[in-house]
Every structure is written in structure tokens, then in C-alpha cells.
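Enquirer: Taken in sequence, the protein lines are chains R and V.
Letter by letter, the first sequence follows residues 1 to 302 of this note's numbering.
Letter by letter, the second sequence follows residues 1 to 302 of this note's numbering.
There could be a bad hint or two in this list.
Any copy, or any two copies together, can satisfy a pair, since identical chains are not distinguished.
16 Å max Cα-Cα, derived EDC-like pairs, lysine to aspartate or glutamate [to be verified]:
hint, residue 1, residue 2
1, 116, 161
2, 293, 257
3, 173, 161
4, 116, 176
5, 59, 23
6, 173, 112
7, 116, 104
8, 22, 110
Because the hints were derived from the structure by calculation, they are not lab data.
2 protein chains.
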Amino acid sequence: MNQPARSALSISAVERETGLSKDVLRKWETRYGFPVPMRDTQGERAYPPEQVERLRLMKRLMDAGMRPSRLVTESDAALQALTRQVPAGAATASAEMMASVTLDMLRKQDPEGMRKILQLELLRCGVERFVLDALAPMNRAVGEAWARGELNIHEEHVYTEAVQWLLRDIIAKLSDARGSPRVLLTTLPEEQHGLGILMLAALLALRGAYCISLGTQTPVQDILQAALAHNIDIVALSFSNAYPQRRILPALAELRERLPENREVWSGGAGSARLNSAPAGTHLIPELEQALKALMNWRGAR
Amino acid sequence: MNQPARSALSISAVERETGLSKDVLRKWETRYGFPVPMRDTQGERAYPPEQVERLRLMKRLMDAGMRPSRLVTESDAALQALTRQVPAGAATASAEMMASVTLDMLRKQDPEGMRKILQLELLRCGVERFVLDALAPMNRAVGEAWARGELNIHEEHVYTEAVQWLLRDIIAKLSDARGSPRVLLTTLPEEQHGLGILMLAALLALRGAYCISLGTQTPVQDILQAALAHNIDIVALSFSNAYPQRRILPALAELRERLPENREVWSGGAGSARLNSAPAGTHLIPELEQALKALMNWRGAR
DNA sequence: TCATGATTTTGTCCTGGACAATATTGGAGT
DNA sequence: ACTCCAATATTGTCCAGGACAAAATCATGA
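Could you build the full structure based on these sequences and the hints that come with them?
Expert: The following block contains the structure:
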């Protein structure tokens, strides 16, 4: 009987490292015959690193829309090949340039250089164009490069941190407590991607709104409390592609129901772009630009 | 048969909102007779808001060191009373002042005022004293106020965001790619509290180290990749009190084993303060001040 | 008073079955 | 050829209840 190597991971460690739930890991094992971990002395699953690596890869491809039954039948090499087929989005030529330069800096492990590029571009074209025309396509480019396996997750972290710095700096400089409308921005628990709300906050602050960011992962209960405490006009949530789609609508509906009617609910991010309808009384903002229109609408209604 | 109200939450929603795992929720039900959720038409658990509220309260008290069997027997009122007994830490008089002023600003919903206070104090006493003497006690004060129920979680979020903004600004200004040692800072998945690593980054950057922050929640695998890619001398992790203690040592051991021997591993935060020993070759930094000593040691050894 | 061993508490893991939400497929009608 | 809808397949989450080890607490003796 093989002893599991010391580097093998427990099921909860694999859940942490891959984002696949324990239930899913067990179910795949019986259903598809992968992964089949070793067992430790207590009969508990012990996943060797190769299997964890393959699980990561599969998760990436699933976030890009593929289905597990298809993926399990492919060889490792075929999976690698698939990552190269993840479609590339369209963007303006200058944005493409920016994106490719940034990706290059990331690959060369040059975070300083990247920050400088971002800073320069911000000065060149101003906050609004920077956020809309440069940052949005760059986010997509970085996300896609990661999905294709061209970037490590740590390189994506470095990018995210750098953009956060820049945006927080902008927002802090624009922040004005007397601004209107008063907008609360955050994400629900399980959603870790916070760049979307920062970008939105920068745009809205520029147009004179007062933005309060609660960071990521705020329980609904606390969003409600905060909305009342800060006398908020608009609650803006963001959902990434990785957020389980089936949970978006119920979450929005719950928030809508428990919030006073004269407060608006906005839902943005790639996750909400995949929805074709929103609960009555909530606004879908799949693209950042539409947030500006929504802001004008709000002001027109007062 | 009672229909569960529409506001009742599913077991996974409760897991999200309270941080108690599904297994724990089911086990408590059979073991202690609380919570006992209603069932929906498919026989699945549906937790009414009162029970969720009580679960939140219990989780808070457990993070402060209490045990569930004790808590379930108490009445709601008694639980509320318990939150007031959470011990208050000691600090210098001036830090106490700062902390109480800050708490006041938070309670009064005045984030701008709070930011100004922080900024002023930073100018008054400089980065090092600010981080060591003001921020550390304030973090404790805010955390304890939250555990006592005097602050809502959203107020804690507002505080965290403000401090983050300040620290990032400091770090950006001090950052120097030629600095040494090269330090990688992050937390493991499941650990969301990132203030600790930012504070450490500020202190180390001030002393001429080069700090790279990967933000929170980086899988071990990616930490290793990043450490090699950035030619890192020291990997610094942070564990809060909420991080399951039993997972700290194995995680440190794994990291230590898979990292080349000449790179150091530091473990900080309240979670590592509770440990009494660390795996061979890793350094415990339960208090920020000790990081400075550890830095001197590292330099002495070269 | 302190250490050490016994006992209780507590969280996590296991199996294997059920079910509903989601995605895909195969016509039928335009 | 194309849209719409129903039938079917896929997939994630939930359930029960038993097992076990790590952590915390208690009891005992030096």
C-alpha cells in the first residue's frame, strides 16, 4: 500500500487551493473517476500535487465556461491546449498596446515599471478615459492571460494591488462628504474581486457622487445596516464571472426587498453581464459606461 | 406545517453570512439542539433571521475564545451581556486617546474625520511610532469593540479601508526596488485580514527592505512561485485570531519544506501569537516590534 | 505550583443517496 | 435556415448519521 507523500493535500486544503468545494471533489471522484486521491492512515483523502495541478487547470477552464465531463476525458496536454483557445476580447488599438506592455512588465517581474506606465497613462488621458478605455480592457486582458495560463496567479495579484493603489489614491483625492448621490459599494461574501467597485467609485466620485467602499465580502445584513447608517441613495454590488450565477438573482432580490424603495440597487461586473433580466427595481450595469447614464437618470429623477 | 418565511436562509447562505461551516451547523443541531432551522418543501434547512442573528453573536464570542457548549445554554440576553465582558487590552495613554477618538468617529459615521485624525497622528509622530504605538492598539481596540457588539461590521470595514489607504500610500512612497532584504507578504486562503501585512510592509520598507505584497488569500503553490520569481529572501505570512489554529503549523511546515533553505519564513499576527513553537526554520513574529529585531538578525547573518 | 496523563469537547471527514437548477439536444413550426 | 419549446442529460448542493483525532479542560501526583 502506498503511503501518501508528505506533500499530499487534505480535501479542505484542496478546496482552499482550487476553489472547488468538498462536495464537488467527492462527487467528481465517483462520477468521473477523477481526481482519485490516495488515502492516509485514517482513510482520509490525500491529493498528490499533480492532481491538484490538474484540478486548478480544470477550474480555470470551467470559469471560462467549459463543463467538467468534457474536461475529464482530455489528456493533460489537451487541457493545456484548450487554455489557448480562450477567446480574446476586442479593444481599441491604444488599449491593446497598453495591455500588452503591462502584461510584458508583469511577466518580466517588473512591478515598478508597470506602476509607472499606469501612472503615466492616467496623467495622459485623465481619470475618466483612463478607467473606461485603459483599465477595463487591461483587466480583461490580464484575466484572459491568466485563464490561458500565461500568467501566474501571483502576477495577477501584483497587477491587482498596483491598480488598487492607483484607484484608491484617485478616490481619496476626489472624495467629498457633501457629494450626491451617496453610493455604497461592496461585494457579497464569496466574491473577492474588488477592482470593479473601485473603478466605479472613481468614476462616480469624479462626477460628484459620494462613494463609500466597504471593501469585498460584506454579508447582506451588514450592507443593509451600512446603507441606513450612511443614508445611502444607491447600493452598488459587483459580481465577477467566477461568482455562481444562480446565486446572483436571489441575492439581488433579497437586497431589493429589504432595502427601502427609494434607494436604488445597482449590479455590475462580468457576472451580471450574463444575466438577461434583473429583479424589479434593480439596475443592471454590465458595462462601466452605463453607470454614468444611470447616474444621470438618478439625478434627473430628483 | 409552517412554511419557512421568504427571508429564511439556506445552509450555504448561513455559512456565508456567519462563517460557520455546513458541517458545524448540522453537528450543532444534533449535538446541542441549536440552531433548529425550519425545512422548506424539499426538506432542506431554512434558517430564520433570529437564529442567524444568534449564530453571528455566538461566532463573535467564539472568536474571542469561548466554547459553543457554554454559549448554547445562555439566553439571548445573557449572550449580549457576555459580549461586554470581552477583556480590554492595555495600551499607552496617548494610544488609548487615539483609539477612543477613532471609535467615536466611526460610531458617528464620520469617516472623513477619522481619516484626518489618522493623517495628523502620522505626521506628528512619524511612520514607525505611528504603526507601532498608534495603529496596533487601535486595531485591537476596534476588534474588541466589534467583538463586544459596539461596532457594526461595516464600521469595521470603513476603518480597515481607511487604514489600508494610509499604509499603501506610505509604502508606495518608500518603495525601492533595490532594497534588501526582499520580502514577500501575503496571507493564506481563508485569511482575509490584510492589515497586519501592510503594517509590517510599512515598517520594513522604512528600514530599507523591498516589500512585495500579494494581498490576501494566496494559495501556497502561488506563494512559492512568486517567491522564486521575485527572488525573495523572506516570506512573511499573517494569521488573525479567526484563522483555525490547527491549520497554522501544517501550513507553515509545508511552506518551509518546499521553499529553499536560505529563504526565511516569518509568521505574524494574533493567530501566531497563540502558538508556543514554530516548525524548525520558521520565525514567529507575534508582535510587530520583533520584526525589526528579526530584520537586524537577517542583516547580521549576511 | 507546576507538569503530566485522562477525559471531554469539538470540528472535520466519510459514504452513498436524493433532488433541483442549469445546459444541451432534438424536433416542430415558421 | 431559424426560433421556440419540450425532453433529456449534466452538475452542484443537500441530507443523515457514524467515525475519529486534535484541542481544551480536568484530575492527579510530585
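Enquirer: Please sort residue 116 with residue 161 into within, between, both or neither, judging by C-alpha distance up to 16 Å.
Expert: Within. Shortest intra-copy distance 14 Å satisfies the 16 Å Cα cut-off; inter-copy 24 Å does not.
Enquirer: Please work out whether the CA atoms of residue 293 and residue 257 approach to 16 Å or closer within one copy, between two copies, in both situations, or in neither?
Expert: neither (24 Å within a copy, 54 Å between copies)
Enquirer: Which holds for residue 116 with residue 176 at a C-alpha limit of 16 Å: within a copy, between copies, both or neither?
Expert: Between. Shortest inter-copy distance 13 Å satisfies the 16 Å Cα cut-off; intra-copy 27 Å does not.
Enquirer: Under a CA distance limit of 16 Å, which applies to residue 59 and residue 23: within one copy, between copies, both, or neither?
Expert: within (15 Å within a copy, 24 Å between copies)
Enquirer: Quick one: residue 173 to residue 112, C-alpha cut-off 16 Å, is that within a copy, between copies, both, or neither?
Expert: between (22 Å within a copy, 12 Å between copies)
Enquirer: At 16 Å max between alpha carbons, let me know whether residue 22 reaches residue 110 within a copy, between copies, both or neither.
Expert: The answer is neither: 37 Å in one copy and 42 Å across copies each exceed 16 Å.
Enquirer: Reference check for the pair residue 116 and residue 104, CA-CA at most 16 Å: within, between, both, or neither?
Expert: within (13 Å within a copy, 39 Å between copies)
Enquirer: Please work out whether the CA atoms of residue 173 and residue 161 approach to 16 Å or closer within one copy, between two copies, in both situations, or in neither?
Expert: Between copies, since 15 Å is at most 16 Å while 18 Å is not.
The structure shown violates the earlier hints numbered 2, 8.
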